[in-house]
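Produce the entire structure from the sequences given, and follow the hints as far as they go.
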Amino acid sequence: MSYENDQEMNTLKVIAETLNRSNDLEQMLQTVLVKLLELTKLETGWIFLVGEKPHFRFVADVRLPPALSWGEKKPMCTGSCSCLNRYWKGDLVDPINIIECKRLDDAVQYDWGETRGVTHHATVPLAAGEERFGILNVASPGKEHFSKEELTLLQSVAYQIGTAVKRTRLFHAQEKRAENYANLNEVIRLIWKTSNLSTLANVVVRESLDKFHWPVVGFYTREGTALKLKSSETNHVPDPLPDQIPMEVKNEITLSFKQQEPISINHESRVVEGLSSMAVPITMKEEYIGILFVAGPDPEAFSDSDREVMQALAGHISLAFESIRLQEQRGEMLLYEERRRLARDLHDSVNQKLFSLSLLARGAKEVISTDFPALKDPLDEMLSLSHGSLKEMRSLIWQFRPVGVEEGLVTAIQKYAEHLGVGVTFDVEYVPDFPRTIEEALWRIAQEALNNVSKHASVNSVAVTLNESVDGVTMKIADYGKGFDLSPKKSGKRSLGLTSMKERAELIGGSLHLDSRPGEGTTVKVFLPWKPKGESS
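Counted from 1, the sequence shown has number 378 at position 187 by the working numbering; the numbering is strictly sequential.
Hints are computed from structural coordinates only; laboratory data are not their basis. Since we're looking at a predicted model, the values are computed, not measured. Just so you know, nobody snuck in bad clues.
Straight-line Cα separation of at most 25 Å, SDA-like style, residue types lysine to any residue; simulated pairs:
#1 449 / 660
#2 367 / 240
#3 264 / 297
#4 334 / 250
The structure is reproduced here in structure tokens:
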């Protein structure tokens, strides 16, 4: 190469003009490499864009020898080499005159093909100020030395390339940021159209995948001692997300939930092996709700704007949760008022009439049973039926009152048992924050079980056990009364209440088991999963 000042200035001018023609990074690097070799009369060259070890991308090349270009240039796209190792160690600051090329040495050793006489190359770091972006390598057959002037020119060109890489990345970052926020507005608009919590996770996941094109999107919520996957979708990636993650497991999802801060992992996700990932917590006031999780195969899959957008999205999800929760509470208040009205109406009408009927039957029995002995048994039956109906009506009125769990499930069971005159002993280590559907189902099943004890067991005490697990919650209600035969012919009227309890459990994906024998008491055991039936995973 001839390096007269005017030729050097012309080279830098042409390179600068070439770099300014495009914002397509890889196209720009390919074009400028062609121009550089044309101006310097060098034979071949290639460029790596380098990230954190061991990640790099082979992005441009000109006239690679066959030994390095076979298999869609596989020798250049995999494995490490001396120049990359120096770059990662921080030793590659200035142009290095000649480096023996491990890739070329391997080509000779393993007979990959013709090297066209290229045995060494010069290596120049691509940088702009303190930022480093990659490596420029150039070579020619038989060339084992570059002069100081040649290296100075290559360094100047490399600085121009580094500056152009920085400019292009900033351009694309701003472009992506604008696109991300436009997409965020679309996702937020659809989130705020959602009116119930059971579909919110599906909307968030589906729309995030569609608008942001994140390869993997998952929505986890806390249920008991684990984070449960409420919804997930993938884009050309097999669904890798675990259905549940116990809190004691250490990964970016549980860490983000516990620390209540975003966690980003490059290519070393503990949730989905080999992918980059990002987890952002969703919090409503002081309540920890769950995690929005995204993942992808690119080590640089998530930009700063992706992180900003995910945090903004998580904020809107939290607000949507709060809004839907308030709407549900308003609905519950309306139901509360309606139950109060029904209870009041039943008390004022049917209950009073049954009470009057009971008094009339008792009075009639005392007045006429002596004179008309044939009426004694019918009057006794009438009195018994009126007492039974009155008791059942009072229980019905009690059930028509508000749901009854405002003070907690255990307190509600205790109060209802006291209302029936039944004593309760509890074996409960910890009462979790139940989802509303589970709490109401447990409460209604407990009511029916206590009703059965009051009516049939001939005892005035029960034992209630409540246990939670990763999968769900188990409640047992046991009495030590007279028990009964479970065969349909002998269970009689109890079968209706037992069927009702079983159907209530199965409605949300649970199960109910009854164990009873004459003289050995009765145990009702119900299991309800954290994820109610019908909610998407």
